[in-house]
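Visitor: Generate coordinates for the entire structure from the input sequences, incorporating the hints supplied.
4 protein chains.
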Amino acid sequence: MSKSVKKVVLAYSGGLDTSIILKWLQTTYSCEVVTFTADLGQGEELEPARQKALLLGIKPENIFIEDLREEFVRDYVFPMFRANAQYEGVYLLGTSIARPLIAKKQIEIAEKTGADAVCHGATGKGNDQVRFELGYYALKPDVTIIAPWREWDLRSREALIKFAEEHQIPIAKDKRGEAPFSVDANLLHCSSEGKVLEDPAVEVPDYVYSRTVNPEDAPDTPTVVTIDFEKGDAVAIDGVKMSPATLLAKLNELGRINGIGRLDLVENRFVGMKSRGMYETPGGTILLPAHRAIESITLDRGAAHLKDEIMPRYAELIYNGFWFSPEREMLQALIDKSQEAVTGSVRLKLYKGGVHVIGRESPYSLYSQDLVTFEEGAVAYDHRDAAGFIKLNALRLRTLGSRRRKLGV
Amino acid sequence: MSKSVKKVVLAYSGGLDTSIILKWLQTTYSCEVVTFTADLGQGEELEPARQKALLLGIKPENIFIEDLREEFVRDYVFPMFRANAQYEGVYLLGTSIARPLIAKKQIEIAEKTGADAVCHGATGKGNDQVRFELGYYALKPDVTIIAPWREWDLRSREALIKFAEEHQIPIAKDKRGEAPFSVDANLLHCSSEGKVLEDPAVEVPDYVYSRTVNPEDAPDTPTVVTIDFEKGDAVAIDGVKMSPATLLAKLNELGRINGIGRLDLVENRFVGMKSRGMYETPGGTILLPAHRAIESITLDRGAAHLKDEIMPRYAELIYNGFWFSPEREMLQALIDKSQEAVTGSVRLKLYKGGVHVIGRESPYSLYSQDLVTFEEGAVAYDHRDAAGFIKLNALRLRTLGSRRRKLGV
Amino acid sequence: MSKSVKKVVLAYSGGLDTSIILKWLQTTYSCEVVTFTADLGQGEELEPARQKALLLGIKPENIFIEDLREEFVRDYVFPMFRANAQYEGVYLLGTSIARPLIAKKQIEIAEKTGADAVCHGATGKGNDQVRFELGYYALKPDVTIIAPWREWDLRSREALIKFAEEHQIPIAKDKRGEAPFSVDANLLHCSSEGKVLEDPAVEVPDYVYSRTVNPEDAPDTPTVVTIDFEKGDAVAIDGVKMSPATLLAKLNELGRINGIGRLDLVENRFVGMKSRGMYETPGGTILLPAHRAIESITLDRGAAHLKDEIMPRYAELIYNGFWFSPEREMLQALIDKSQEAVTGSVRLKLYKGGVHVIGRESPYSLYSQDLVTFEEGAVAYDHRDAAGFIKLNALRLRTLGSRRRKLGV
Amino acid sequence: MSKSVKKVVLAYSGGLDTSIILKWLQTTYSCEVVTFTADLGQGEELEPARQKALLLGIKPENIFIEDLREEFVRDYVFPMFRANAQYEGVYLLGTSIARPLIAKKQIEIAEKTGADAVCHGATGKGNDQVRFELGYYALKPDVTIIAPWREWDLRSREALIKFAEEHQIPIAKDKRGEAPFSVDANLLHCSSEGKVLEDPAVEVPDYVYSRTVNPEDAPDTPTVVTIDFEKGDAVAIDGVKMSPATLLAKLNELGRINGIGRLDLVENRFVGMKSRGMYETPGGTILLPAHRAIESITLDRGAAHLKDEIMPRYAELIYNGFWFSPEREMLQALIDKSQEAVTGSVRLKLYKGGVHVIGRESPYSLYSQDLVTFEEGAVAYDHRDAAGFIKLNALRLRTLGSRRRKLGV
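Residue numbers (our numbering), protein chains in the order written: chain A, 1453 to 1861; chain B, 1453 to 1861; chain C, 1453 to 1861; chain D, 1453 to 1861.
Bear in mind the hints are in silico, worked out from the structure with no lab data behind them.
Because the structure is a prediction, the values reported are computed rather than measured.
Treat the hints with care, as some may be off.
In this list, chains with the same sequence are indistinguishable; a pair is considered to hold if it fits within one copy or across any two.
[To be verified] With a Cα cut of at most 16 Å, we get these calculated EDC-like pairs of lysine to aspartate or glutamate:
1) Lys-1858 x Glu-1630
2) Lys-1614 x Asp-1469
3) Lys-1801 x Glu-1655
4) Lys-1556 x Asp-1519
5) Lys-1458 x Glu-1610
6) Lys-1702 x Glu-1484
7) Lys-1683 x Glu-1630
8) Lys-1647 x Glu-1496
9) Lys-1801 x Asp-1469
10) Lys-1801 x Asp-1658
11) Lys-1858 x Glu-1792
12) Lys-1455 x Asp-1834
13) Lys-1858 x Asp-1594
14) Lys-1858 x Glu-1719
Guide: Structure representation (structure tokens):
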């Protein structure tokens, strides 16, 4: 806390916690505070945040509010889905992918307002602090970073509430006690962790879910939906063209009513421990198999397998907060290069938590019925070629086999 | 066909096609035929195959029938599931994993009976010919391989039927016409492809499915099931210890009634073209997320991520038929090394096609509630460490950022 | 040989073997032959090839001769060196990288002349047939490929000579007997294999080398040379700007006199067997460590390690002949993305077979003396950060250690 | 420094710096100090360290001195060389591989003596602190670690000397001033860095080298040497069986006189910055190509390529200090699995800094002259197989080519 700071850009939600941080920054660092409030589709109105900031003494010109939904989906979510990214085999990286955008915007505002510092409200045990700060440092290497949860001595809920009361910060009734779990939300997903979710042997209580109905309560009739892709990105639903954010919101709605996208997971944090989280990613959970399905007919095997092999690394980079790193950008160049012909339509059946691909077609399809049918194709495929193919592939195995027979190794 | 062969071991199902092959071998190569019929859980009785072989003139001592179900699951399916293997992100390799075992048994019988050749009934356009033959060659490098579908001139259904009639091979009524699709089955899965499935834009007709009910017809109440693992392998269901094959059969039944494990896929064959298949893997589709879930609390991050990174390669090797290759064995050594503490229980909810992990516990759990809770853990975790962790991880990004600011690259 | 062919583009060197092929094509296929002779820096004059082609009855308008040296180095050799590609840890891919360019030119000429076929003179046991033909097929999927060495029955040197005599093909005296080894050469390298080189236990005889002096005969005084790079490619030697081919030729000369670039190797061919080859790559053997050295100060760790990890795959693709494949192009996109700031100078000492980097500098250097010196850097590095960095990196290992102490796994 | 410590095991060389640390531990922590001095082949006598420890007040029973040379080479160096490990393409990891063994021994002594802490003399900017501490934590998760260079305020050479004088620590004359570079040495290598080496554009002065003669001063006649391998490890030189450490020492001597193993490198440290080092690894620089050469005839292509692909990751793990991690052990299992038949002899020519493989043979050789010679092999290879092999490998490229021709993508 010995850092000297003149002006700091705070990622400000308008909620109690970031309001406490706001006030703590003013009192601890005696510095000017700039607030940044973004709409990433978390489902909260932004204007109350402006009012609250004003109330807490922020100058009007220091209040920045921005609707980032389209940029978020177009430049972050979609590029990531081109890679079919899943962390640890299942997690769609809903929280991870939002952090770099917020960091980037904070740095842009810092440059604009001449601020020398930035501040976030992430705790000292999670991944989000890493994601924010790697973004800050990459984009503004000399920035000062303030991470209140690692610095202050407000170590309990009581201490926080006491601080708020002492500084006339309004406290909503339901915020006095500890929340039974903590939540992060944006247009891609909603995550919950902590408290009631901490024992990984115990089922997630139903009240934790907010974005999806229970599959058991979903309609008894499946929803059939068609998604169109262009160069790897979804562009239309049931033939209706939509902007990226509109499209994802629509998929979220389809997922919500069909109970799609719940994930109960124990994951490995970058900071070294395991944690248990619950994720709801309704639209993303539809989008992933749809994207894989359009790739299945438009992407060559060599391209597809290379993508699959580098995917875990790519997902790990995003999870760990290295969006603004050369290696993520290099992998993105590789991925994007593959998507030129990933164009076409996929039909899916959504039913009580399940997403089932039932058809795919494309003007660029590499699937050739001629080649596959048992009647021998006119052009390219001759049964007898297979013998030579197998024999040369087997050659080294035969040499090994001969050695084993003769020498036992 | 110019090969000179004295005795050949035929993979013989007892069905019309392999009976035609049997007779064709006798007439074309004038050689002694040894039949091998295996129970891999495909769901057919084996004794009729013996009767048919006798009828077609095979000597009793040349008829081999074996129940391989336990060996199949214990030594092939389970090792593969330790790797969480999925080809092209989704396919559980049900056909691929059975081929090496059949090849191995044929070679063993060839050694025992002094046969110089082996024969399979796979077509010349698929992957199975490769899988069989790579296995044969690896285990008996000097073997002669006969692949009738690549050699004979029976190029239509009519020609086959005509050949059968000429050679007094009994023909079941429903085998006269062409089957609307072709099927492969074993204890892990049932696959269908060809004919009515060839257009990937058209939904799989319901009558193609044989192992699972339609999710829409599954019970309205979820089934909750517990699977126990020891060293990476499933050993008990709902607390009841079972042999590997018994356990997989039980999972198949649970999957069947809950509509679990249907997969409609366009995949990339090793022989170079895309094909569309329909897979039913009810038990495997339950087993995979269960195994991932027990790993999620017992496997370290470094181990888990390394496994995820090599998995696509491992799956590709199995798909392509390289089970008996040094590289598959090296990867298996790596995988098996990781499974020592993958022991514990996973609870799952099965519901209308969906498999949902709802709890996991293990005496070897690496999940530590102390470390995760927001109250600072007693021992290992200090919030302030995170600052140093982030700063050193950021150092190279800051250096890059400085360069970009100064020099624009 | 049942293929019907109207016009074929032959990769024609003007030597005895391809002259025999030329005549064999005319007699066997009764087709028009177009010859293509390229200068890739193999060190032979091209005009004699024209004379010989005319002599063998090729129409003047069907004789194509092209100097490809600049295109070869600029578009094939340099992109490959950006990746630091080495097959099996050591081989600089000198033969492999030339084949796609020749294939591409043959196809271009086929399109121009309306030819329906192409022909190469590679044998049926090597990799080159694969490299040529994968290139042909990728660029002109419906082309007919003629590979005489796999088709004809000229199975001995005597048979070839006899065929040549029967068809009035001039035979140089030293070509009557079998060559003691076979040679391939271009501006990047010269390779030798076969006959006297076949026993991998026996040292390569000195007379096999043609591009380099024996290190023992090289000057007793080292040569110091500076290579300048721009965006990953070498552009100048000792401050003198040069075109790609000129530069590589200059490096070859420097390598030659200093005995640099000899490699005696047993390698694994794509077609399944091991072979022993001798390679001389004087310029390339200087270029590789020079490129690594300029990367060492201009490339970030994340970028550098990612490049190192994908390199073996990239090298394998080129070796196997998949230059014109989506996966090679995707990897190239990744590699090229990393080279934007790979600009600067490297100083090397060349001495009796050795290449020793002795200095490197760059306007884009990421090497910061401030950060490294033991005096604590002003800005970014604080010793105390290391403690947190280590502790969080150790966290999972400590958790594992605790489990091992308690439970033994 | 607020840690409470009762007994600490110090990695003690007997030199001035670790003697200062010893005294600083006593005065700062008022704790009992146990010294551990190991012979890893650094080339210094150990008994003076005992005398100095006694002089500084260490109880005789708290002084541990051990000759670890054989264990070092057998259990650390050789397993690493099985992998052909090179960090960033060139560095043989000489420093990195010694740290885990020292850490392991310190922890063993801590257990034996009931110590609750360990201490090392590595600085706060390097990799060695990480390597020591990850080892400590992995093996004894609750250990307290003291890293004086990160903790004390002795920030200059003057301060250190003053502290030594105040505490009656004997100071050798040449230790009063700052060393022109710092050195680490063991049986595998000697590394130098800092001060005079800091500018990467400036050549390493000749006086920095201590283990090798300048190539220009090496004999004018090459040395030819044969190395025998068994299961991947070197076991004999010129037919004389030797223990691991004896063999490495012998290779070091051969390397020394022939000027082999100098490396001038800018590398990327795990802690985030680049550093320039000079390494001398005479024996290792001979061993690596020798091991690759014996692998070239005894290892199958699939095994060899898999090893090459995972090698950079394996090397990075060792460099970063993760020897005692599950992922390193998993990769080791994979590597060791491959070495069963890596047995045979390699002949090399050593000449003025160069190592040239000139022959290799093995009873387990997979190199088959029959397969390679142009005369068609009796058994396994048929030229015509190559056509089928190529056509099926080309199939997907032809499909892509057709699409590109028709549709432009």
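Visitor: All hints are to be evaluated individually against the structure, with a verdict given for each.
Guide: A quick look at each hint next to the structure:
no.	hint	verdict
1	Lys-1858 x Glu-1630	neither (72 Å within a copy, 34 Å between copies)
2	Lys-1614 x Asp-1469	within (12 Å within a copy, 51 Å between copies)
3	Lys-1801 x Glu-1655	between (27 Å within a copy, 10 Å between copies)
4	Lys-1556 x Asp-1519	within (14 Å within a copy, 50 Å between copies)
5	Lys-1458 x Glu-1610	neither (30 Å within a copy, 37 Å between copies)
6	Lys-1702 x Glu-1484	neither (40 Å within a copy, 62 Å between copies)
7	Lys-1683 x Glu-1630	neither (46 Å within a copy, 39 Å between copies)
8	Lys-1647 x Glu-1496	neither (23 Å within a copy, 52 Å between copies)
9	Lys-1801 x Asp-1469	neither (41 Å within a copy, 36 Å between copies)
10	Lys-1801 x Asp-1658	between (25 Å within a copy, 14 Å between copies)
11	Lys-1858 x Glu-1792	between (52 Å within a copy, 15 Å between copies)
12	Lys-1455 x Asp-1834	between (74 Å within a copy, 14 Å between copies)
13	Lys-1858 x Asp-1594	between (67 Å within a copy, 13 Å between copies)
14	Lys-1858 x Glu-1719	neither (48 Å within a copy, 23 Å between copies)
Consistency note: the structure conflicts with the earlier hints numbered 1, 5, 6, 7, 8, 9 and 14.
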